[in-house]
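Novice: Letter by letter, the chains look like this.
Number of protein chains: 4
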Amino acid sequence: MISFTCDYSEGAHPKILERLTATNFEQLPGYGTDHYCESAKAKIRAACGTPEAEVFFLVGGTQTNSTIIAAMLADYEGVVSAETGHIGVHEAGAVEYTGHKVLTIPSHHGKVDPKELRDYLEAATTDPNYEHMVFPGMVYISFPTEYGTIYSKAELEEIHGIAAHHGLPLMIDGARLGYGLASPACDLTLPELASLCEVFYIGGTKVGCLCGEAVVFPRGNAPKHFYTITKQHGAMLAKGRVLGIQFDTLFTDNLYFEISRHAINMAMQLKELLRQKDCTFFIDSPTNQQFIVLENKKIEELGKHVAYDPWDRVDADHTAIRLATSWATQPEQLEELKRWI
Amino acid sequence: MISFTCDYSEGAHPKILERLTATNFEQLPGYGTDHYCESAKAKIRAACGTPEAEVFFLVGGTQTNSTIIAAMLADYEGVVSAETGHIGVHEAGAVEYTGHKVLTIPSHHGKVDPKELRDYLEAATTDPNYEHMVFPGMVYISFPTEYGTIYSKAELEEIHGIAAHHGLPLMIDGARLGYGLASPACDLTLPELASLCEVFYIGGTKVGCLCGEAVVFPRGNAPKHFYTITKQHGAMLAKGRVLGIQFDTLFTDNLYFEISRHAINMAMQLKELLRQKDCTFFIDSPTNQQFIVLENKKIEELGKHVAYDPWDRVDADHTAIRLATSWATQPEQLEELKRWI
Amino acid sequence: MISFTCDYSEGAHPKILERLTATNFEQLPGYGTDHYCESAKAKIRAACGTPEAEVFFLVGGTQTNSTIIAAMLADYEGVVSAETGHIGVHEAGAVEYTGHKVLTIPSHHGKVDPKELRDYLEAATTDPNYEHMVFPGMVYISFPTEYGTIYSKAELEEIHGIAAHHGLPLMIDGARLGYGLASPACDLTLPELASLCEVFYIGGTKVGCLCGEAVVFPRGNAPKHFYTITKQHGAMLAKGRVLGIQFDTLFTDNLYFEISRHAINMAMQLKELLRQKDCTFFIDSPTNQQFIVLENKKIEELGKHVAYDPWDRVDADHTAIRLATSWATQPEQLEELKRWI
Amino acid sequence: MISFTCDYSEGAHPKILERLTATNFEQLPGYGTDHYCESAKAKIRAACGTPEAEVFFLVGGTQTNSTIIAAMLADYEGVVSAETGHIGVHEAGAVEYTGHKVLTIPSHHGKVDPKELRDYLEAATTDPNYEHMVFPGMVYISFPTEYGTIYSKAELEEIHGIAAHHGLPLMIDGARLGYGLASPACDLTLPELASLCEVFYIGGTKVGCLCGEAVVFPRGNAPKHFYTITKQHGAMLAKGRVLGIQFDTLFTDNLYFEISRHAINMAMQLKELLRQKDCTFFIDSPTNQQFIVLENKKIEELGKHVAYDPWDRVDADHTAIRLATSWATQPEQLEELKRWI
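Protein chains in written order, with our numbering: chain A, 1 to 341; chain B, 342 to 682; chain C, 683 to 1023; chain D, 1024 to 1364.
There may be inaccurate statements among the hints.
To be verified - The calculated lysine-lysine pairs, modelled on DSS-like cross-linking and capped at a C-alpha distance of 30 Å, are: (1) C/953 <-> C/1020; (2) B/638 <-> B/679; (3) A/277 <-> A/297; (4) B/612 <-> B/494; (5) A/224 <-> D/1138; (6) D/1321 <-> D/1300; (7) D/1038 <-> C/697; (8) C/797 <-> B/565; (9) C/980 <-> C/953; (10) A/224 <-> D/1247; (11) B/384 <-> B/356; (12) B/456 <-> C/906; (13) D/1294 <-> D/1247; (14) C/953 <-> C/986; (15) B/356 <-> A/15; (16) A/115 <-> D/1176; (17) A/271 <-> A/297; (18) A/15 <-> A/271; (19) B/565 <-> C/906; (20) A/298 <-> A/277; (21) D/1066 <-> D/1247.
It should be emphasised that the hints constitute simulated quantities derived from the structure, not laboratory data.
Every value quoted in this text rests on a predicted model; they were computed, and no experiment measured them.
Starting from the given sequences, assemble the full structure and let the hints guide the process.
Specialist: Here it is in structure tokens:
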């Protein structure tokens, strides 16, 4: 049975496995101090156009989010997020576990509205009781969002400006960053994105790696001793080479961008296919996650041949489902899907 | 330059890389729910002789230690450890970060002395002020220890009995478990070890994996919702397959034990070689980590040809160094070392 | 200038100060082990009709809330509260600081709607991703609420039943408990309330004490070693006598209930007075906190003579303010207020 | 039966109770914003000779220690303390609960040895693995110590200099500060002490108050938003007046110093009395806590007439006990003790 459940159904891009195999018996120092990590960092700095960036390799998304957030917030601060933000919903309270509140504002298909953010921060910082309340300490957005949507350059500039006006860093959860940047709807480059936030990460797990997220502090602005902080959070890999080699491969010959574009090509074909089948779209997503509303009995039928992700109950008879493409999606899989939808 | 610095200098056992490659495009569900994880768990249960065991795959050692300890302790409890225990020294305060104190007792070449443990627990639980103090909530030992030493079956039985007498679970940090079990000095089998503790883990990172530690609650005694707890700690891999496939490979055809034995064979040859060279041993270690004392100028010379781990200052002119073998050590490397020591 | 700002503007009921003075040089053991604490606990058990209750004296409200909640939740659990709950808004993230999320549901003038609570718990526990989410671990309500409203016996029974159905304890924040029980709208007795929750506290700070909250686990169901937990949270007073003597006095000759009734009498006179003055009520509160909407320029005028609490912006020209009575409110103060409103 | 168990056996100095009573019906704003708090802070600044000091009133010692320490440390830092430090032994792990390790060095009758501190900090910051270890983030000492001993001015200067050399703030736990300053062996003034640390507190609980500790950041160097941090830690009293009035009274007409001197006078008479009775001293303490070694059967006899604090087992037949004087000790109590020892 084929699966469009998610973008982490397969292992890693073949070039990564080849590289891991080719370098396997090279004896290297641990904890991210090897030359592959160094090389990968240099390539990432170049790709981001941020020569002074500090780059760290962590293992997974939840871990990366909670480690960054805990490191950047003071004890009395919380992180502002859309109420659908991954950190507030599907990370088992990992942020709260580090002692910090997720301060939520409304979600618009996963996105934060700049005006609502501005109003929220204004209200929070002028509340007569603000000294008895959690201080907003940073702003978190995801790009693309959990709903596949992306911010325009103008929106990102506005959000970054609002955060900066309040002295708050902006964090971009880039678990699916490649798929956002490769979208035809995207008017942002990676260097532009890097210039419009204080920290972001380049997701590897969902874009071709076995695991791994590359955290970038674009202007050398990593929190003091962030290396030790990753150790304390259990986010430092003894065999740092595993992350270094993967990201070095991804950032050689534009592989990261190329495989992201492939996933988006597949997604646009999927979208077209769904359109042709007269599917109702739940959200108009320009990235690799597509959401449609189907009758429950049709979903049941589909499920016999195609794995999908149940997303949201729409009404008694209808449910929204997610179909995701990835770097690994093959045209034949789309053909197969076409038969069953 | 050859390296005897540690047991995580290379990548993974070739069979693991082959298996990751062979299964790469199989579409699998995430978060450890795939069939490779299930298969690996079944094989581990069989190897441990614990049919009801609950097995979880986590990513790295520090993460595994702090996740287990936080999950098993009540808020008002701490973990008892030798003062040299990895959790108390080289994990950047990861245990304290979860809110728990590491309660230390003396170390004897890395080992806890049963009598001292008994006295400590007696004193702690009868102190007139005990309600104002951290309660001992579990006992942590490592096998082998950070100094390469191992407990005999009789010692482990005694320690387990003492902990049980106080109602405390015993945890065994098995980051190097295979190297302990394969030691000629070891009189314990894996099933015996599993029966003498409440939780232990089978280290993968240092014994043939890219990363990964298999946590075993031998009698189905995992803390409630331990799965969610691993998520909260950022210790759950989205592509759980990466861990499942590795451990499934390690526990097929006794690979884990075979490569551990190889490392110990290499270590015993190393030990003999050092003895022939009239080296002074810092500790009499029966496992893959060997410790010798050298004059500082000899160390300087050695360092031009062989990477080693500086361990401890002995006096103004002498330092103890660690030389470690692993599953990957080759006889030629020992020959090379012989030339330079 | 007179103040109706809050119910903690004065010191303590004179009988408490007299009793502190009379017993001042009695030498007593510390940390709540003195006979006044024992006596106060016995009287509270009697007043609650809970002979097996465990009672603890803590110092303040925020501290009491976070200590109870942290003690009753597992690491992976959060506390369900109305979005206006004191723990989620005005306690500076004290609950999150202990590692737990406040899971919010809508507020109806400070109250939780039983049906919405039921739906929330149903959804949370049947979500396909619930193992990646924070588990609801207890339900928190306040009585009276932050908006002065109270639950009927039928509502409390329903909420308690819903929580119990999901195996969750119900906690009642009784920072103003006396004022709720003394309300003419209240159809609950203290023993009934005690039988309808797993933990509650009898607020002293706002009802006649200098400080102090009496936590009651009505059926001897205190979390294990709660005494040590209070110490760990910095919530244990060395001179426990200060709390014991205060609560012993409050629960002698029904003083707690008598002074609460006085506050409510004053509040009902205040309400009548506001009604006569044709004030618009923001909420119809049956307890000691009254809320009215005034034109901003009238508020400015009022503020020259009477201290009040600005509550909420209504529109560009109107603001809701809070006027609170307490055990200490005097009829003359109402007379004075009458002149200026 | 008379008690020399501790220095918190009685209530408060009568002047404090009188003042609380006299001001009882004054309506005051909450949370430490009242004019008594302001006045008390001004008097404390004057007494400390630190016009720019920031002063905060917290409730109890454990709470004060953990709040200050958590506020001053980065997540990856721990606090260096003598192994007998109150924070590491008798506070139920309150510091670890906030996520920080207590890093211990040897105790010399409760005191830290400057040379050992220097060596410890040197070693910690030059360890090849220091990035995998908890960073020393501040130094904690108590004055007087838990064993009644005090530091000389020269020792304090040396310790402060060592800490400063490593960029670490020095914290002085002054739970019994008055008794230290009033000792005939003390060569330090309060302003001198204030100039030799980054934070200290003036203990009220053990020196005449019902409760309360005045935290002083002598050079206006309070951690950002320390006010909100105290709220988050449950350390802010709603009726801040209770603390403000007490400290205002203590720092009027030198009451704090006068009652401390009285306690020390009583202690010196107690010491002389014990000397005359040929008691063996466990420690030569110059402050209000005296420690003697007695045969167990003599202790049993004594215990029928005098309450004392059992301190330490010396051998099978002997135990060290503590006898403490305080601001409240009366000559008649010494006379009574004389009869029974």
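Novice: Does the structure keep residue 384 of chain B and residue 356 of chain B at a Cα separation of 30 Å or less?
Specialist: This hinted pair holds, its Cα atoms lying about 17 Å apart.
Novice: Run the distance test for residue 271 of chain A versus residue 297 of chain A: straight-line Cα separation, threshold 30 Å.
Specialist: 21 Å, holds
Novice: Is the hinted pair residue 277 of chain A and residue 297 of chain A satisfied, with a Cα-Cα distance of at most 30 Å?
Specialist: OK: residue 277 of chain A and residue 297 of chain A at ~16 Å, within 30 Å.
Novice: Mind checking the alpha carbons of residue 565 of chain B and residue 906 of chain C for me, to see if they're no more than 30 Å apart?
Specialist: Within the cut-off at roughly 17 Å; holds.
Novice: Going straight from one Cα to the other, do residue 797 of chain C and residue 565 of chain B come out at no more than 30 Å?
Specialist: 29 Å, holds
Novice: What's the verdict on residue 953 of chain C and residue 1020 of chain C, does the C-alpha distance respect the 30 Å limit or exceed it?
Specialist: 11 Å, holds
Novice: Given the proposed pairing of residue 612 of chain B with residue 494 of chain B, does the C-alpha separation stay at or below 30 Å?
Specialist: Holds, because 24 Å separates the two Cα atoms, which is no more than 30 Å.
Novice: Going straight from one Cα to the other, do residue 224 of chain A and residue 1138 of chain D come out at no more than 30 Å?
Specialist: 29 Å, holds
Novice: For residue 115 of chain A and residue 1176 of chain D, compute the direct alpha-carbon distance and say whether it is at most 30 Å.
Specialist: 58 Å, violated
Novice: Residue 638 of chain B and residue 679 of chain B: Cα distance at most 30 Å?
Specialist: This hinted pair holds, its Cα atoms lying about 18 Å apart.
Novice: Check the hint pairing residue 980 of chain C with residue 953 of chain C against an upper bound of 30 Å on the C-alpha distance.
Specialist: Holds: residue 980 of chain C and residue 953 of chain C sit about 18 Å apart, inside 30 Å.
Novice: Would you mind confirming whether the straight-line C-alpha gap from residue 1321 of chain D to residue 1300 of chain D stays at or under 30 Å?
Specialist: 13 Å, holds
Hint check: violations occur at hints 13 and 16; the rest are consistent with the structure.
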